[in-house]
Amino acid sequence: MAHRVLALLGILLAAATPGFAAIEDDCLFSGRVSGESGWRPLHPGLEVREIMVRFEDSSVARLSGVRAAPGRFHVRLHWNPKSAPSGESAAEVAKLTGVSVVVNASYFDENGRPLGFFLAGGKVYNRRILFRGRTEALHLGAVFFVRSGTEAMGIVSREAFEAGGMREAFQAGPYLVREGRPVMGIERYREYWRPARRSVLAFEGDGRLLVLVSEPEGRGLSWCELQSFLARPEALGGLGVAEAMNLDGGSSSQLLVQAAGYRGETAGRPVPAFLLLVPRQESR
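The opening position of the sequence shown corresponds to residue 0 in numbering that gives the first Met the number 0, with each subsequent residue numbered one higher.
Simulated from the structure, these hints should not be mistaken for laboratory data.
It is possible that some hints are incorrect.
[To be verified] Keeping only pairs whose Cα atoms sit at most 20 Å apart, straight-line, the calculated DMTMM-like set for lysine to aspartate or glutamate is:
no.	residue 1	residue 2
1	Lys-81	Glu-91
2	Lys-122	Glu-161
3	Lys-94	Glu-203
4	Lys-81	Asp-108
5	Lys-81	Glu-109
6	Lys-94	Glu-135
Just need the whole structure built from these sequences, with the hints factored in.
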C-alpha cells in the first residue's frame, strides 16, 4: 500500500511540476537516497549528512552535505591571488581562517584567475558577467550573491544579476533548480549526461543553505541526475530544494567541516576560490 501511495505521489508531482517528468525520462538512471540516517546536528544552525544515492543499476553516488541556518553564519568568499595559479586546498584555508565550513567555489582559468564575475569582501576580482544575454555557456549561467548590510543571499541567473549593493558574489553554473523546478535548456551539454564529481550550492524553501560535494569513492552524478535528485521531494527520495546551482567540480570538488569537535574532509586539488561559512560571533 505504501509503495502504491508513493507511486501515486510521484505521478501527481510529475503532472504538477513542468519539466520534472522530462528530466526523469532523460536521465540514464534515476537515483534515490538510500541507507543513511539524515541530518546530524553539530551545533545550533549547522548540520552534516552523509548522503548515498542508489541508482537503478545498483551503482552508488556518495556526497557529503552541510546544512546551515543563514542567521547563524556569515557567508564569505575567499580568493587568494598570491596562491595563483597553484591554488590552495580547503584544509589549508580552514587552518588559516579557523572557519567552520570551506567548499570550492567558481571556475578559474589556467592562470588561476576567476572565470566570470567574482566579488569577495566588496573587492571585485573580475567584473565581467560572461555570456550575459546569450544562450550559450550555461555552465556560467548562475550567480550566487550575498547583499551588503542585510546579508540576504540567493541564486539568480546571470541576466538578472545586478552587482550594486552586493558584498560577495560569483558566477558559475549551470542553474540547476529554480523555484523548486529543474531548469530546462542544459540537456545539450555533455555534462548533462556524464556522471562526474560535483559541488553544489542550494537553498531549501525556508532559506537554509545546503552545500553538497561528491566523495571520491563511487560514481559521480550527471547534471540530469543532480536536477532530478535535488528537485524531487524528500518523501520520494530527493532533497526537495527550492534553488540550486552547480559549482566547479571534478578534482576541484572539496569540502572541509570543523565544528564542535567534529572534523570532516572531502579532499580535492588546490584551487584559488572558496566559499566560507563563518560563525557570526567569529566573523572577521
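* What are the numbers of the hints the structure violates, in ascending order? -> 3 and 6
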